[in-house]
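Please construct the entire structure, taking both the sequences and the accompanying hints into account.
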Amino acid sequence: MWNTFLATGHIINIGHDIFKENRKLADKNREMLKKSGVFSVNIMGAIGSGKTTLIEEAIKALGGKYKVAAIAGDVIADMDAARFEKLGVKTIPANTGKECHLDAHIVNELLKKNDLNGYDILFIENVGNLICPTDFDLGEDVKIVIVSVSEGDDIILKHPVIFKTSDLAVINKIDIAEAVSVDPETMVRDVRSLNEKIPVLLTSKKQEETVKKWIKTIEDAMLEKKRNE
Amino acid sequence: MHEYSLAVDLMESVLTTAKENNAKAVNLISVKVGRITHVNPAQLEFCLKSIGDGTIAENASYSFEYIEPEIRCVCGYAGKPNETADDLDMLEYLVSLVCPLCGRNTEVIGGTELVVDSIDID
Chain A
1 MWNTFLATGH
11 IINIGHDIFK
21 ENRKLADKNR
31 EMLKKSGVFS
41 VNIMGAIGSG
51 KTTLIEEAIK
61 ALGGKYKVAA
71 IAGDVIADMD
81 AARFEKLGVK
91 TIPANTGKEC
101 HLDAHIVNEL
111 LKKNDLNGYD
121 ILFIENVGNL
131 ICPTDFDLGE
141 DVKIVIVSVS
151 EGDDIILKHP
161 VIFKTSDLAV
171 INKIDIAEAV
181 SVDPETMVRD
191 VRSLNEKIPV
201 LLTSKKQEET
211 VKKWIKTIED
221 AMLEKKRNE
Chain B
1 MHEYSLAVDL
11 MESVLTTAKE
21 NNAKAVNLIS
31 VKVGRITHVN
41 PAQLEFCLKS
51 IGDGTIAENA
61 SYSFEYIEPE
71 IRCVCGYAGK
81 PNETADDLDM
91 LEYLVSLVCP
101 LCGRNTEVIG
111 GTELVVDSID
121 ID
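Same order as they appear, the protein sequences are chains A and B.
Residue 1 is where the first sequence starts when you use my numbering, and the numbers rise one by one after that.
Residue 1 is where the second sequence starts when you use my numbering, and the numbers rise one by one after that.
Worth double-checking, as some hints may not be accurate.
To be verified - Under the rule of at most 27 angstroms between Cα atoms (straight-line distance), these lysine-lysine pairs were calculated in the DSSO-like manner:
id, chain 1, residue 1, chain 2, residue 2
1, A, 20, B, 19
2, B, 32, A, 28
3, B, 80, A, 20
4, B, 80, A, 24
5, A, 197, A, 226
6, B, 80, A, 164
7, A, 24, B, 19
8, A, 113, A, 24
9, A, 28, A, 164
10, A, 164, A, 216
To be verified - Quick look at which bits of chain B chain A covers, simulated, 3 or more residues with Cβ under 8 angstroms:
id, stretch
11, 7 to 16
12, 26 to 38
13, 115 to 121
What the hints assert, rightly or not - Not the full set, but computed from the structure, chain B residues with beta-carbon under 10 angstroms of chain A:
id, residue
14, 2
15, 4
16, 21
17, 70
18, 74
19, 94
20, 97
21, 102
22, 105
23, 107
24, 108
25, 112
What the hints contain is simulated information worked out from the structure, not anything from laboratory work.
Even for Gly, the Cβ is constructed at its ideal location relative to N, Cα and C.
Listed below in structure tokens is the structure:
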């Protein structure tokens with residue numbers, strides 16, 4: 001009878017890491033993409049930072065030379081997918097429903113349904129969000145974070161993890177920096193204070209040179225990966 | 001935030017293990033949260049309680065513990081960062097993740113877990 005007053009019954013150790021499940025699937029994706037010979041890029045950034053536009057520019061420039069595919073992650077609509085499709089590349093829409101990020105499971109399902117054998121580049125546009133996507137490895141080769149000057153020059157220090165874990169940071173829409181009272185160089189310094197190794201690009205769709213640099217960065221990273229295989 | 005979907009996976013793991021062990025009730029659920037994740041324990045607990053409603057875990061209490069990060073520095077250091085106060089926010093915390101040997105900014109190689117550590121059952 002006194003037994004019922006004891007707070008504990010017996011303890012079962014589980015040790016199950018919820019994120020590990022995602023990482024395991026991400027490794028599977030990495031393996032699948034490697035077999036197909038695809039260089040994959042996970043593009044993350046807030047809503048309106050210019051993810052879709054920069055991917056479009058890259059598709060326009062690289063789509064003629066290489067076989068390009070794109071996964072467009074959106075909570076519900078298929079507007080981004082339609083924009084990629086218009087450019088004549090293989091487009092795979094990924095509606096996440098209520099989720100604020102893509103995860104390895106979603107990407108795995110898409111890879112199983114879409115044969116990417118022979119493709120050179122896969123752009124994966126994540127859901128517009130600077131927080132949640134950082135917890136979920138997709139199996140990509142490269143993680144890119146895009147912010148625009150219009151998000152304010154404190155946006156970087158407010159979201160340290162994504163800058164700490166990305167391979168490339170892009171500060172976009174620099175043509176309107178003055179209008180929104182932001183100094184892009186401050187943003188560059190903030191990125192470097194979190195991650196001294198990360199390359200930072202300043203871009204604007206209206207400044208052709210900066211778009212060319214963006215495209216060259218993607219192309220070089222892809223070629224380097226192919227050389228190393 | 002994505003606490004809800006994580007809580008669904010977590011509760012599934014708890015209930016599966018409880019069932020395998022013929023549990024009548026789950027008293028305590030111990031969870032370990034990597035400090036570099038964006039998981040907020042208070043939100044996670046809220047989600048877990050709502051998902052656990054109507055199951056044998058509905059009266060469970062929760063214990064959350066942080067897993068400290070592991071860092072790696074270009075100087076060769078790999079291991080734990082220096083101890084920092086528990087109440088630092090994410091930014092202060094990450095900025096304080098410098099190499100204890102040379103003071104440089106480091107690469108995070110651990111502290112990104114979300115673990116159902118153990119359950120206490122009847």
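Status of the hints after comparison with the structure:
For the suggested pair residue 20 of chain A and residue 19 of chain B, the alpha carbons sit about 22 angstroms apart, so the restraint of at most 27 angstroms is met. For the hint linking residue 32 of chain B to residue 28 of chain A, the alpha-carbon distance of about 25 angstroms falls within 27 angstroms, and the restraint holds. With a C-alpha separation of about 20 angstroms, the suggested pair residue 80 of chain B and residue 20 of chain A falls inside the 27 angstroms cut-off, and the hint holds. Between residue 80 of chain B and residue 24 of chain A the CA atoms are separated by roughly 24 angstroms; this keeps the pair inside 27 angstroms, and the hint holds.
Among the hinted pairs, residue 197 of chain A with residue 226 of chain A is consistent with the structure: their alpha-carbon atoms are about 22 angstroms apart, no more than 27 angstroms. Proposed proximity of residue 80 of chain B and residue 164 of chain A is supported: the alpha carbons are some 17 angstroms apart, at most 27 angstroms. Distance restraint check for residue 24 of chain A and residue 19 of chain B: the Cα-Cα separation of roughly 25 angstroms lies within the 27 angstroms cut-off, and the hinted pair is therefore satisfied. Of the pairs offered as hints, the one joining residue 113 of chain A and residue 24 of chain A holds, with about 19 angstroms between alpha carbons and a cut-off of 27 angstroms not exceeded.
At most 27 angstroms may separate the alpha-carbon atoms for a hinted pair to count; residue 28 of chain A and residue 164 of chain A meet this at roughly 24 angstroms. Taken as a hint, the residue 164 of chain A and residue 216 of chain A pair is honoured in the structure, with Cα atoms around 23 angstroms apart against an allowance of 27 angstroms. Here's how the stretch 7 to 16 of chain B fares: 4 of its residues keep a CB closer than 8 angstroms to some CB of chain A, so the rule of at least three is met and the hint holds. Coverage of a stretch by a chain is defined here by at least three residues with a beta carbon nearer than 8 angstroms to that chain's beta carbons; for the stretch 26 to 38 of chain B and chain A the count is 6, and the condition holds.
Coverage of the stretch 115 to 121 of chain B by chain A holds [criterion: at least 3 residues with CB-CB distance below 8 angstroms; count 7]. Against a cut-off of 10 angstroms between C-beta atoms, the interface hint on residue 2 of chain B holds, since the closest Cβ of chain A lies about 5 angstroms away. Interface restraint check for residue 4 of chain B: the shortest CB-CB distance to chain A comes to about 8 angstroms, inside 10 angstroms, so the restraint holds. A least Cβ separation of about 6 angstroms between residue 21 of chain B and chain A falls short of the 10 angstroms threshold, and the interface hint therefore holds.
The beta carbon of residue 70 of chain B comes no nearer than 14 angstroms to any beta carbon in chain A, farther than 10 angstroms, and the hint placing it at the interface is violated. Against a cut-off of 10 angstroms between C-beta atoms, the interface hint on residue 74 of chain B holds, since the closest Cβ of chain A lies about 8 angstroms away. Hint on residue 94 of chain B holds. Least Cβ distance to chain A is approximately 4 angstroms, under the 10 angstroms limit. With its C-beta approaching chain A no nearer than about 8 angstroms, residue 97 of chain B sits inside the 10 angstroms limit, and its interface hint holds.
Using the Cβ-Cβ criterion of 10 angstroms, the hint placing residue 102 of chain B at the interface with chain A is not satisfied: the shortest such distance is roughly 12 angstroms. With a least beta-carbon distance of about 5 angstroms to chain A, the hint placing residue 105 of chain B at the interface is held under the 10 angstroms criterion. Among the interface hints, the one on residue 107 of chain B holds; its C-beta lies about 8 angstroms from the nearest C-beta in chain A, closer than the 10 angstroms criterion. At a threshold of 10 angstroms, the smallest CB-CB gap from residue 108 of chain B to chain A is about 6 angstroms, leaving the interface hint in force.
A distance limit of 10 angstroms between C-beta atoms decides the matter here; for residue 112 of chain B the minimum to chain A is near 6 angstroms, and the interface restraint holds.
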